[in-house]
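Asks: Residue numbers (the working numbering): 30 to 254.
These are computed hints drawn from the structure, not numbers from a lab. Here the structure is a predicted model, which means the values were calculated and not measured. Treat the hints with caution; some may be incorrect.
The list that follows gives simulated cross-link-like pairs (lysine-lysine, DSS-like), each with its CA atoms no further than 25 Å apart [claimed, not checked]:
{"hint": "1", "residue 1": "Lys-173", "residue 2": "Lys-153"}
{"hint": "2", "residue 1": "Lys-122", "residue 2": "Lys-70"}
{"hint": "3", "residue 1": "Lys-110", "residue 2": "Lys-123"}
{"hint": "4", "residue 1": "Lys-70", "residue 2": "Lys-81"}
{"hint": "5", "residue 1": "Lys-54", "residue 2": "Lys-84"}
{"hint": "6", "residue 1": "Lys-123", "residue 2": "Lys-69"}
{"hint": "7", "residue 1": "Lys-122", "residue 2": "Lys-54"}
{"hint": "8", "residue 1": "Lys-54", "residue 2": "Lys-81"}
{"hint": "9", "residue 1": "Lys-153", "residue 2": "Lys-54"}
{"hint": "10", "residue 1": "Lys-47", "residue 2": "Lys-122"}
{"hint": "11", "residue 1": "Lys-47", "residue 2": "Lys-67"}
{"hint": "12", "residue 1": "Lys-81", "residue 2": "Lys-102"}
{"hint": "13", "residue 1": "Lys-81", "residue 2": "Lys-67"}
{"hint": "14", "residue 1": "Lys-84", "residue 2": "Lys-47"}
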Amino acid sequence: MKKEKIFIDPFDDLGYAKIDVHREKRKGFPEVVFCAGKTKKQIVNIAARVFKFSKRVMLTRVTPAVQPSLRRKYPHGTYYKDAQIFYVGTQPKKSGLISVLTGGTADIPVAEEAAVTAEIMGSKVQRIYDVGVAGLHRLLAFRKKIEVSRVLVVIAGMDGVLPSVVGGLFSKPIIAVPTSVGYGLNLQGITPLLTMLNSCAPGIAVVNINNGFGAGYIAAVINKL
């Protein structure tokens, strides 16, 4: 009887990190480096290993203090300051359309993380910011632009109601992102998170608080279907 051959995807072991060098082969996009909590040396070394195997690398939560270390290693890399994303490599031709909406201006950093992620992954993105429910006429003014989108990423703090309103108006799949923007009982984003999870509007999926990257990634995947 033949023994079943077991295939194990390879990884590059740095001790403090095990780089998934087959991520792009399995998922269509290389492993993304989350920089928060890592030292500058670890960040640069991990990025170098990802780039060696994939010829491109994307890093998230790159603070202005970390960016110079990456710039020295990759002078031709692009730093998206508002999104806190650093990217090295070519980008695919952009297609489809994702709309990224925010309730307020204070939600823009999370929105930019989502928008830039989707763009790097090959999606066209339009930004429609500060169209929260306190002035619903602002959202309705962009109705025609929103309707031509394939996917919507809707980002809000405070009471987190915007995704439900958008879900009641449009037929597109919605990725809702709660943010930690708000006063007191916003509870660092828990209040809008619970609002979004309890939405009665169908067609809404919710990612974690401030997770613009996760929203942009899944929106790009849906956009490519």
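Asks: A separate judgement is required for each hint: does it hold in the structure or not?
Replies: Okay, the hints, checked on the actual structure:
no. : hint               : result
1   : Lys-173 to Lys-153 : holds, 17 Å
2   : Lys-122 to Lys-70  : violated, 32 Å
3   : Lys-110 to Lys-123 : holds, 21 Å
4   : Lys-70 to Lys-81   : holds, 17 Å
5   : Lys-54 to Lys-84   : holds, 13 Å
6   : Lys-123 to Lys-69  : violated, 32 Å
7   : Lys-122 to Lys-54  : holds, 19 Å
8   : Lys-54 to Lys-81   : holds, 14 Å
9   : Lys-153 to Lys-54  : holds, 23 Å
10  : Lys-47 to Lys-122  : violated, 30 Å
11  : Lys-47 to Lys-67   : holds, 14 Å
12  : Lys-81 to Lys-102  : holds, 13 Å
13  : Lys-81 to Lys-67   : holds, 20 Å
14  : Lys-84 to Lys-47   : holds, 18 Å
The structure fails to meet hints 2, 6, 10 from the earlier list, while all remaining hints are met.
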